[in-house]
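Mind docking chain B on chain A? Use the hints.
Chain order of the listed sequences is A and B.
In terms of my numbering, the first sequence has 33 at position 28, counting the first letter as 1, and numbering is strictly consecutive.
In terms of my numbering, the second sequence has 119 at position 114, counting the first letter as 1, and numbering is strictly consecutive.
Some hints here could point you the wrong way.
Intra- or inter-copy, both count: the list cannot distinguish identical chains.
Stated by the list, open to error - Straight-line C-alpha distance at most 16 angstroms; calculated EDC-like pairs for lysine to aspartate or glutamate:
1) LYS108 <-> GLU76
2) LYS108 <-> GLU20
3) LYS108 <-> ASP10
4) LYS92 <-> ASP10
5) LYS16 <-> GLU73
6) LYS108 <-> ASP35
7) LYS92 <-> GLU106
Keep in mind the hints are simulated off the structure, nothing from the lab.
This one's a predicted model, so the numbers in the text were calculated from it and none came from an experiment.
There are 2 protein chains.
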Amino acid sequence: MDGQDEAVVRKFQKELNGGTVSLVLLAILDRSPEPLYGYEIAKRIGGALAAETPVKQGTLYPVLRSMESSELLTSRVEPSVSGPPRKYYSITDRGRTALVEWKATWTRTRDFVDATLEGNVG
Amino acid sequence: MDGQDEAVVRKFQKELNGGTVSLVLLAILDRSPEPLYGYEIAKRIGGALAAETPVKQGTLYPVLRSMESSELLTSRVEPSVSGPPRKYYSITDRGRTALVEWKATWTRTRDFVDATLEGNVG
Chain A
6 MDGQDEAVVR KFQKELNGGT VSLVLLAILD RSPEPLYGYE IAKRIGGALA AETPVKQGTL
66 YPVLRSMESS ELLTSRVEPS VSGPPRKYYS ITDRGRTALV EWKATWTRTR DFVDATLEGN
126 VG
Chain B
6 MDGQDEAVVR KFQKELNGGT VSLVLLAILD RSPEPLYGYE IAKRIGGALA AETPVKQGTL
66 YPVLRSMESS ELLTSRVEPS VSGPPRKYYS ITDRGRTALV EWKATWTRTR DFVDATLEGN
126 VG
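Okay, chain A solo, but in the shape it has when bound (with noise of 0.2 angstroms):
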């Protein structure tokens, strides 16, 4: 692959993450049984899969923010004994239900993409 080659890759990962950052986020806080902060949840996503994962951490905070502003997910900043104030985020009941449809919409998505690649559409 040349250098134009490897833009291409790099913007369809990122063009992919777009809806499925904030799918995993959702679910991740869906199962938390205590709110989380950033960099927890950073590290749940990379410590499954460690270079695998296609999500960088820079990329969560702003998807965090967006999400918080459509009240899918709530916050609160405490104090840490190590450092800085943390912001920890909870799931919403606005969240739980945004998690089942795109829950759908993902399944959805996902099976029609893996039957073009399969070849049954087109």
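Structure of chain B alone, referenced to chain A:
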């Protein structure tokens, strides 16, 4: 769901389509023995899945143009017996290289999202 919930679901579908529509288009053109024009591509996608398809026809045209300017597709305009001239698209060598990489990126991202939703991450 209220209006705000519906907007949140629409936004998610749109973000998800950001990456998947390019992949689906490229796969369909890769498999086609002859160049296809926009409406034919839309029909192949829509025909297979009817109301199920998450891809609306209007979203195809800007993606086709963007992929042509990235040199993944090439096009030629031909007169039509039954109406205005049509723009026929074919995949380029660069497009075939991108498709191989995009499929790998898609599989990795899909498996990652599925693992998260099944509770194996987080």
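So, going through the hints one by one against the coordinates:
1. LYS108 <-> GLU76: neither (18 angstroms within a copy, 34 angstroms between copies)
2. LYS108 <-> GLU20: So LYS108 and GLU20 pass the 16 angstroms test across copies only (14 angstroms; inside, 18 angstroms).
3. LYS108 <-> ASP10: Between copies only: 14 angstroms across chains, 32 angstroms inside a chain, cut-off 16 angstroms.
4. LYS92 <-> ASP10: neither (39 angstroms within a copy, 25 angstroms between copies)
5. LYS16 <-> GLU73: between (26 angstroms within a copy, 15 angstroms between copies)
6. LYS108 <-> ASP35: within (12 angstroms within a copy, 29 angstroms between copies)
7. LYS92 <-> GLU106: Classified as neither; 27 angstroms inside a copy, 37 angstroms across copies.
Against the hints set out earlier in the document, violations occur for numbers 1, 4 and 7.
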